[in-house]
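Protein chains in written order, with numbering that gives the first Met the number 0: chain B, 0 to 237; chain L, 0 to 281.
Just so you know, these hints were derived from the structure itself, not from any lab.
The reader is advised that the hints may include incorrect statements.
[Said to hold, decoys possible] Some chain L residues judged to face chain B by a derived CB distance under 10 Å, without partners named: (1) Leu2; (2) Glu6; (3) Arg13; (4) Ala14; (5) Arg158; (6) Ile162; (7) Val203; (8) Gly204; (9) Ala205; (10) Thr206; (11) Asn207; (12) Phe209.
The C-beta atom is built at its ideal place from N, Cα and C for all residues, glycine as well.
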Amino acid sequence: MIRFSHVHKSFARTGAALQDVSFQLNKGEFVFITGPSGAGKSTILKLCFFEEMPSKGEVKVYGTSSATYRPGDVPKLRRRLGVVFQDFRLLEDRNVESNIAFALEVTGTPPAQIGPRVARLLAQVGLAAKATSLPRELSGGEQQRVAIARALANDPVALIADEPTGNLDERATRGIYQLFRDINASGTAVLMATHDLDLVRRSGCRTIEVNRGQVVFDSAADGGFRASGASAAVEDDA
Amino acid sequence: MRLAVREALLAFRRAPMLSALSITTIAFSLFAFGLFGLVALNIRNALRTVEDRVEIRAFIADGTGSEATAAALGDIGAFPEAASVRLVSQAQALDRARLELGEFSDVFEEGILPASIELRLKPGFRDPATVRAVAKRIEVYDFVDDIRFGEEWVEKLHRLRNIATLAGVALGLTFATVAIIIIGSTIRMAVMARSREISIMRLVGATNGFIRAPFLIEGFLKGTLGGVLALVLAWVALGIINRFVVQAAFFDPWMGAVGVLAGACIGLAGSALSVGRHLQKV
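Assemble the whole structure, with the sequences as input and the hints as a guide.
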């Protein structure tokens with residue numbers, strides 16, 4: 000579903016960010032990307048939703064290739080992915096339901112379908128009672144739930160999450176992580192960058208470790224961790 | 000489209016101060032340009048009034064028969080440059096002199112002033128070279144004693160007109176450029192204030208056209224409102240000038256409409272450029 004083939008990425012100012020990165024995220028998989036700050040985790044995620052393009056190699060996301068894409072393909076690709084960030088990236092002047100409805104409006108969802116869909120998403124992330132709250136009235140964990148609901152709005156095939164628990168306390172982290180597991184259990188693939196090694200170890204999910212722009216460990220390839228996926232998530236939940 | 004209009008209108012409500020600042024900046028930029036326009040318009044009107052007085056006067060020798068002058072009047076009236084031509088008899092010339100120079104009226108005796116043919120020229124034929132050429136064509140008539148057209152005055156007027164046109168174009172372009180830069184910067188500021196919103200829109204899969212639409216509508220509305228406000232300010236300023244300084248003319252309705260439309264176009268173009276640049280960045 001997402002495939003990196005010998006991807007290199009260089010920035011004019013900072014030089015090489017990724018070198019010869021290859022991996023594949025399969026349908027329904029839950030994969031962690033770990034590594035120290037500046038290792039290249041965020042760059043990998045940005046390449047997934049074509050915010051950055053590889054300097055060399057190919058990124059292929061759900062049939063769209065970085066080598067052959069047209070600018071018009073990018074919005075279509077992003078509608079198939081949900082993206083979640085550490086800083087939530089909510090619109091501060093809109094309430095919770097408007098933040099989620101926004102994602103549906105921009106993708107041309109018929110107005111009659113937006114209200115019921117937003118209500119379902121809020122129920123899914125456990126925020127049905129906060130629909131009219133403004134982001135600043137919510138805790139960090141709740142704001143991240145809103146961001147996740149927004150990311151799920153267009154029924155993505157995969158969720159891309161960049162340190163989604165980085166700004167949260169331990170309890171909120173557990174809640175958010177569980178939410179990702181639930182989402183994954185329903186068939187949506189998850190690619191999550193994190194520093195939280197405890198979380199990674201406890202999950203038993205596939206882990207890709209990045210260091211200095213290179214993949215130094217992939218549990219699926221090296222057999223270091225149990226190969227994971229939706230089934231693993233379901234097992235852990237149980 | 001409905002969503003784009005709603006988003007554009009919501010932008011006014013969400014950031015009323017910034018919107019008011021944008022509209023006011025656009026209004027004052029266009030107002031400055033409009034004031035210059037008013038000055039240029041009134042100078043042009045004044046010059047046109049003076050130009051209307053450009054005429055060639057051919058003095059007729061005593062004893063010239065009326066048939067000859069009538070035939071000449073017909074010929075001269077058929078010149079392509081001629082706007083009007085008329086014969087001023089000796090008696091009429093005397094009456095006019097007495098009227099214009101009232102305190103010297105008793106100086107003028109009957110028959111002292113010659114009859115003349117007075118030719119006024121159409122607009123576009125009032126430059127010194129044309130006036131001189133037409134005067135030469137009239138001079139060939141035998142009965143013409145002397146011909147006057149205030150050569151020096153016509154040349155000065157022509158020079159003044161050229162200077163006014165050049166200054167008008169240069170100042171107009173300068174004012175327009177400054178207005179466009181100020182308005183462009185203001186709109187750019189408004190777009191940058193919403194960069195987070197733009198980046199989120201892109202993130203969730205909005206197309207560039209979809210992102211651009213509300214900003215273009217917003218820019219168009221701000222430009223139009225700024226243009227209307229500038230027109231109102233100019234009208235108020237003219238009222239003050241008319242009352243305390245000098246009677247001056249205001250823009251024709253179509254000129255006013257062009258001014259408002261210019262505001263709308265600058266708002267639209269400013270938004271298009273700012274969002275376009277922004278979309279390349281985020």
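When the nearest CB of chain B is found for glycine 204 of chain L, is that gap smaller than 10 Å? holds (4 Å)
Take the shortest C-beta to C-beta distance between alanine 205 of chain L and chain B; is it under 10 Å? holds (4 Å)
Just to be careful: measuring from the Cβ of arginine 158 of chain L to every Cβ in chain B, is the smallest value less than 10 Å? violated (57 Å)
Holds or violated: the hint that alanine 14 of chain L contacts chain B, with Cβ atoms closer than 10 Å. holds (8 Å)
Agreement of hint threonine 206 of chain L with chain B interface, Cβ distance less than 10 Å: holds (5 Å)
Against chain B, run the beta carbon of valine 203 of chain L and see if the smallest gap drops under 10 Å. holds (4 Å)
Should the interface hint for isoleucine 162 of chain L be scored as holding, given a Cβ-Cβ cut-off of 10 Å against chain B? violated (52 Å)
For the hint on leucine 2 of chain L, does the least C-beta distance to chain B fall short of 10 Å? Constraint on leucine 2 of chain L satisfied, holds at 6 Å.
Can phenylalanine 209 of chain L be said to touch chain B, with a Cβ gap under 10 Å? With Cβ-Cβ at 6 Å, under 10 Å, it holds.
Go through the hint on glutamate 6 of chain L and say holds or violated, using the shortest Cβ distance to chain B against 10 Å. Where the cut-off is 10 Å and the nearest Cβ of chain B is about 9 Å from glutamate 6 of chain L, the hint holds.
Restraint: asparagine 207 of chain L near chain B, CB-CB cut 10 Å. Satisfied or not? At 8 Å from the nearest chain B Cβ, asparagine 207 of chain L passes the 10 Å test, so the hint holds.
Would the hint on arginine 13 of chain L stand, with a C-beta cut-off of 10 Å toward chain B? holds (5 Å)
This entry does not satisfy hints 5, 6, going by the numbered hints stated previously.
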